[in-house]
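Just so you know, the protein sequences line up as chains A and B, in that order.
No gaps in the numbering here: position 2 of the first sequence is 2 in the numbering used here, and each next residue is one more.
No gaps in the numbering here: position 165 of the second sequence is 165 in the numbering used here, and each next residue is one more.
Rather than coming from a laboratory, the hints here were simulated on the basis of the structure.
Hints may contain errors.
[Claimed, not checked] Computed footprint of chain B on chain A; a stretch qualifies when at least three of its residues, placed anywhere within it, have a C-beta under 8 Å from a C-beta of chain B:
| hint | region |
| --- | --- |
| 1 | 70–79 |
| 2 | 309–320 |
[Stated by the list, open to error] Capping the alpha-carbon separation at 20 Å, the derived lysine to any residue pairs in SDA-like fashion look like this:
| hint | chain 1 | residue 1 | chain 2 | residue 2 |
| --- | --- | --- | --- | --- |
| 3 | B | Lys294 | B | Glu309 |
| 4 | B | Lys108 | A | His330 |
| 5 | A | Lys289 | A | Ile156 |
| 6 | A | Lys47 | B | Lys317 |
| 7 | A | Lys108 | A | His330 |
| 8 | A | Lys114 | B | Ala226 |
| 9 | A | Lys108 | B | Arg45 |
| 10 | A | Lys47 | A | Asp34 |
| 11 | B | Lys114 | A | Lys114 |
The beta-carbon is built from N, C-alpha and C at its ideal position, and this holds for glycine as well.
Number of protein chains: 2
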Amino acid sequence: MSAPLRHYNFSAGPAVLPESVLEEAGRNLMSLGDTGVGIMEHSHRGKPFVAIIERAEALIRKIANVPDGYSVLFLQGGASLQFAMCPMNFLPDGGTADYLMTGSWSKKAGKEAKLFGKVHTACSSEATNFDRIPSPAETTYSDDPAYVHFTSNNTIFGTQFPTEPTPPGDAFLVCDASSDIFSRPVDVSKYGLLYAGAQKNLGPSGVTLAILRNDLLERKCREVPAMLDYKTYVEGQSLYNTPPTFGIYVLMLVLEWIEKEGGLSAIGERNEAKATKLYDYLDSSKLFKPTAAKGSRSLMNVCFVTGNEETDAAFIKYADERGLKTLKGHRSVGGMRASLYNAFPPAGVDKLIEAMQEFESTHAA
Amino acid sequence: MSAPLRHYNFSAGPAVLPESVLEEAGRNLMSLGDTGVGIMEHSHRGKPFVAIIERAEALIRKIANVPDGYSVLFLQGGASLQFAMCPMNFLPDGGTADYLMTGSWSKKAGKEAKLFGKVHTACSSEATNFDRIPSPAETTYSDDPAYVHFTSNNTIFGTQFPTEPTPPGDAFLVCDASSDIFSRPVDVSKYGLLYAGAQKNLGPSGVTLAILRNDLLERKCREVPAMLDYKTYVEGQSLYNTPPTFGIYVLMLVLEWIEKEGGLSAIGERNEAKATKLYDYLDSSKLFKPTAAKGSRSLMNVCFVTGNEETDAAFIKYADERGLKTLKGHRSVGGMRASLYNAFPPAGVDKLIEAMQEFESTHAA
């Protein structure tokens with residue numbers, strides 16, 4: 001059987017996965033190793049799957065250097081369910097949580113929190129269509145927030161926090177890292193709760209990774225259903241009910257791949273090189289312009305426009321015909337978006353720049 | 001490449017899937033058809049995946065003959081999250097919901113409902129370790145319940161409702177059908193809300209199917225987070241946020257397989273034949289005894305014991321060595337459990353009976 005043709009997939013998520021991971025998953029569909037039972041068909045209580053979830057956790061602890069006193073949790077419902085679960089557990093009636101509003105996802109997160117307590121907008125770049133990350137000097141915290149929430153990378157607007165914000169007083173830091181988790185080294189000790197949908201850098205959709213500082217369980221402020229209580233996952237090692245077993249298996253394979261690639265330092269360097277090459281070209285282009293402000297540019301999602309919707313559409317078609325897929329930007333920004341997650345190959349960036357140069361030469365501004 | 005050895009997998013869930021489904025999924029991991037992008041890597045907003053989720057919905061509507069006025073929803077979190085989501089949406093403060101307590105899962109469902117309103121136990125077989133489904137004569141509803149909740153099949157205790165209970169007055173019927181959904185014909189019009197984790201009869205774990213009567217949305221009794229609001233899924237066609245795309249794809253393949261096998265009538269007949277053959281043997285055995293009361297026996301999970309824990313353990317080992325896997329019963333019942341979901345091949349039942357006969361001949365009671 002010949003290898004199927006694979007295009008360059010710039011999708012913002014679900015996104016490209018390492019080919020070696022897809023091959024390994026394929027080999028285990030009918031029988032996980034020599035168990036005679038496919039990976040999707042194994043009981044979550046059986047030894048083979050328990051070994052998988054334990055290995056996934058161990059790899060996360062190793063790769064991200066997770067300190068003692070933190071739990072690694074596998075949940076469902078994506079970041080969107082975390083938007084609700086976090087305040088449901090940690091925002092008391094009448095209490096305040098601070099949100100850094102840097103895009104649509106931050107706003108959605110803040111909206112859910114308002115169902116449980118008060119939300120203070122510590123900063124916002126909405127006035128300029130979220131084209132940048134406000135500086136610490138532009139960020140004002142409330143007096144005694146329960147926690148500070150931020151979105152480390154804004155998939156839609158192509159911006160990314162250069163470093164973590166520092167929460168005031170006793171507040172802990174909560175991060176939606178869905179679109180840049182494990183794309184560069186991370187200091188987990190700075191976070192109280194770090195969560196991410198897996199479908200960009202970690203695996204298929206349907207698995208949510210959360211890393212939680214254990215002492216925060218004592219700050220739980222109301223009774224919540226078992227499936228929405230972090231304690232359930234901490235105590236049950238994410239096996240209270242049937243978890244998304246296949247998703248966790250693929251996530252484990254992706255973590256093995258990250259480790260083999262040299263861990264987060266090496267991955268981070270490669271991601272920086274990919275994005276820098278593309279931004280350098282965009283900064284020099286007469287036709288294409290990046291939309292995110294310098295200093296706030298995302299290494300994961302590179303958003304750019306020609307300034308003319310018809311030309312944007314023509315380029316997207318031109319690129320698509322050359323095997324450069326899913327470059328259309330989100331409707332909030334328009335234009336193009338090239339998502340360059342961990343598994344996106346550097347050669348795809350070269351191909352994209354080549355296509356832009358060719359297109360530019362025939363469609364000069 | 002030779003086909004890998006496949007054992008008979010009696011797992012209660014995640015459970016055996018049709019081999020043709022696993023083969024088809026395997027063929028599309030690197031590239032979904034000729035798209036050049038693997039099935040796990042496609043954007044949930046792109047045409048290829050939207051076609052998949054629409055086909056899955058259409059197949060459900062056709063196979064289960066879903067009446068107009070019902071929505072087909074794809075959720076996450078398993079039945080356990082539905083235990084909370086249902087009362088969160090439909091049980092008003094101070095209101096009462098009636099629960100038919102026929103096993104551990106009913107009890108867990110009732111426990112979550114107590115966070116939102118009152119729970120009336122309409123019937124219970126707990127006194128006899130949930131060995132049977134109480135009759136309608138033993139079932140007493142409260143005066144004006146918001147809804148009546150039951151578990152159509154009790155995976156742990158191996159019992160199954162022969163027919164749906166009839167809720168009183170204006171109450172609607174809610175069913176956790178996780179372990180017998182689409183295992184026989186179903187009259188959806190009798191239900192207000194029917195939900196099921198996919199991992200037994202429908203696909204891999206990580207997808208929850210819900211079928212909801214649309215007019216019930218008007219009975220929503222409190223503000224809830226977007227991801228816990230049925231309306232979000234109805235209005236957003238289950239694409240409010242990134243759904244478990246691969247799980248929905250496999251579910252679609254399983255639905256295609258059900259249709260090809262002749263639909264729910266044919267599937268139901270085959271399931272009845274498989275279970276009847278096994279119960280007939282058990283009723284005639286001198287060593288093995290079924291644990292569920294006649295008239296309440298599950299066609300999905302056949303639970304049985306020898307009456308001696310050591311002999312049970314010896315048989316489980318004996319069977320395991322013969323490629324009959326995961327026969328150990330749940331600790332609440334002990335003994336053995338043979339799960340015979342849709343995709344479990346009839347030949348596996350023959351093999352099991354053969355092994356029991358052999359074992360019995362050397363380990364007579």
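Consistency of the hints with the structure:
no., hint, result
1, 70–79, "holds (count 4)"
2, 309–320, "violated (count 0)"
3, Lys294/B to Glu309/B, "violated (23 Å)"
4, Lys108/B to His330/A, "violated (42 Å)"
5, Lys289/A to Ile156/A, "holds (16 Å)"
6, Lys47/A to Lys317/B, "holds (15 Å)"
7, Lys108/A to His330/A, "holds (16 Å)"
8, Lys114/A to Ala226/B, "holds (12 Å)"
9, Lys108/A to Arg45/B, "holds (19 Å)"
10, Lys47/A to Asp34/A, "holds (13 Å)"
11, Lys114/B to Lys114/A, "violated (24 Å)"
When held up to the earlier numbered hints, the structure conflicts with 2, 3, 4 and 11 and fits the remainder.
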